[in-house]
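Number of protein chains: 2
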Amino acid sequence: MKSLEQYTRFIEEKIAGINLEEEPRKLYDPLRYFLSLGGKRMRPILTLISGELFQISNEESLSAALTIELFHNFSLIHDDIMDEAPVRRGKPTVHIKWNSSVAILSGDVLFVEGYQQLAKYTDKRLPILLKRFNETAIEVCQGQQLDMDFESRDDVTEEAYIEMIRLKTSVLLGCALEFGAILGNQSEETRNHLYHFGVSLGIAFQIQDDILDLYGDPELFGKQVGGDILSNKKTLLFLKAKAISEASKDARFGDLLQMAPTDSKIASAKKLFEEIDAKNASLETMNGYYSEAINSLDQLESKGLELGSLRELANFLITRKL
Amino acid sequence: MKSLEQYTRFIEEKIAGINLEEEPRKLYDPLRYFLSLGGKRMRPILTLISGELFQISNEESLSAALTIELFHNFSLIHDDIMDEAPVRRGKPTVHIKWNSSVAILSGDVLFVEGYQQLAKYTDKRLPILLKRFNETAIEVCQGQQLDMDFESRDDVTEEAYIEMIRLKTSVLLGCALEFGAILGNQSEETRNHLYHFGVSLGIAFQIQDDILDLYGDPELFGKQVGGDILSNKKTLLFLKAKAISEASKDARFGDLLQMAPTDSKIASAKKLFEEIDAKNASLETMNGYYSEAINSLDQLESKGLELGSLRELANFLITRKL
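Chains as they are written, first to last, in my numbering: chain L, 1 to 322; chain S, 1001 to 1322.
For reference, chain L alone in the conformation it holds in the complex (with noise of 0.2 Å):
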């Protein structure tokens, strides 16, 4: 088995090499700066992953890891324009370092490419995951819409905020898993696993990146710690927060929120989190998702599979340093 850090140079490697169009500029030139940014590319490499319990070489998987890979790049550029935001990996956002039409444009692009990479699988292959990811990009995006919505709505519930992050952020990872599958010709039964396992692994990795943003250390969490209650976001750890407080009529919350944003409103966060157990509680929700991921490996293993990269892979993701 590879290590993580050499699935990431293999994919790596491949995405300098795609080769893009070198005119016009203005189309070209931002996809290349987007994708040199780097990340973990943790979604190809589950494709690839995924791939190889099906005896799929790295080689024949790559171009529907790239999709997701690029698709998800797409995502990025637009929903930092949606989002307004300056910075992303540490550099300027497309948006910012050209202007809005570039970064719409180049983000279509992007989408179509990612397409393109998907028609190289020309068997009966394609038309399975063709459908498959044609689903998932319409879910990313009703996600984004939702996670927008919820800025301006003071109703969201626990159950609404998972349905988002379902569809914003894990589904794609729940497709990256399939395609390995699809590739390999697997019965919808494997497939289902695999994509499940994906899905509430993302789940559960989202839900701790919101306790990190709280808990996390700074130096590990590897950006500012306390964001999310700076800006009031409905976060889980929020809305426990908010359904537990009001359930015991517990005043300090509505406090919290009308705190000015500085450390103290962090620290009181901290505090009261803990205190009411809306940390715990949070917790034992991610734990949950991370449960109904081993339980998809598990089923997939009595099938006969060798998962050891797989559970691997799922330890290292949820293990961050609270």
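Read the hints as simulated data drawn from the structure, not as lab findings.
Derived DSS-like pairs: lysine-lysine, alpha-carbon spacing no greater than 25 Å straight-line:
1) S/Lys1124 to L/Lys124
2) S/Lys1131 to L/Lys14
3) S/Lys1120 to L/Lys131
4) S/Lys1249 to S/Lys1270
Listed next, with one range per pair, are the computed distances between beta-carbon atoms:
5) S/Val1087 to L/Ser268: 49 to 55 Å
6) L/Glu21 to S/Gln1224: 33 to 39 Å
7) L/Arg9 to S/Glu1159: 42 to 48 Å
8) S/Gly1038 to L/Ala251: 53 to 59 Å
9) S/Asp1263 to L/Asn99: 29 to 35 Å
10) L/Arg9 to S/Asn1287: 53 to 59 Å
11) L/Ser36 to S/Glu1084: 26 to 32 Å
A virtual CB, placed ideally from N, CA and C, is assigned to each residue, including glycine.
With chain L held as given, fit chain S onto it using these hints.
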């Protein structure tokens, strides 16, 4: 043979019948709105008529026709943001009626809806359809980028302009026609003839549009004449006039550019462009592309195809009142 109105009605019905989801409303309401704005539906009709040449029923070619039309609408939604266009078919554009984020994201979803139509072909035709559609979609984006680039460039040649309109508007007509031949399992030669018929016709149609913008009867043309002149837009007419004036050191073209955007500027342009033969030169170029289109049809006819409907359509498109 059906009348154009019958084809349009058929497409309208099928578009209205596309099963879009209800939620999130900000994602799907804009699509229902935009798709209901109508239009000639010329592109999907081309696919239907092309399919008929090879005994493909309209029902069978419908999904391919819808792929083209949904893509066209997606590109209009995104172009309208980039061009800051407030009105489309007499109604507010999506980014005006909602906002830019809504227009970006609902456009993205519409793009995928197009691919979902294509994914309905699950046999050996799918890889070819998908490959040609991807290539065309990328070219349309390239054309839009060139069009935006040209706004700030003073060195646009006639050749570069033709290449821009080929990419931005004509290759999609070619693809729409080629789809019918792909569905009919035709040879690459037949596919190419249909494709080139569409591309040449598209270029001729766009040049005609440029000429009509200045010389058209406002009532028949359906929009105010002279808009291109008021904004000094680099149409073929403009580029011809510029080249002729530069060759003969005629200062009147430069004077025209400096004029304030009033009716008198339009009148001066009409007069000048006739005098220096820029209008005739443009008509000649248009007729050259129209002849190329007809030449492609002649080649197809020599293979025994019955092309009455395509000849009628070509004639209909190119004989708008000058």
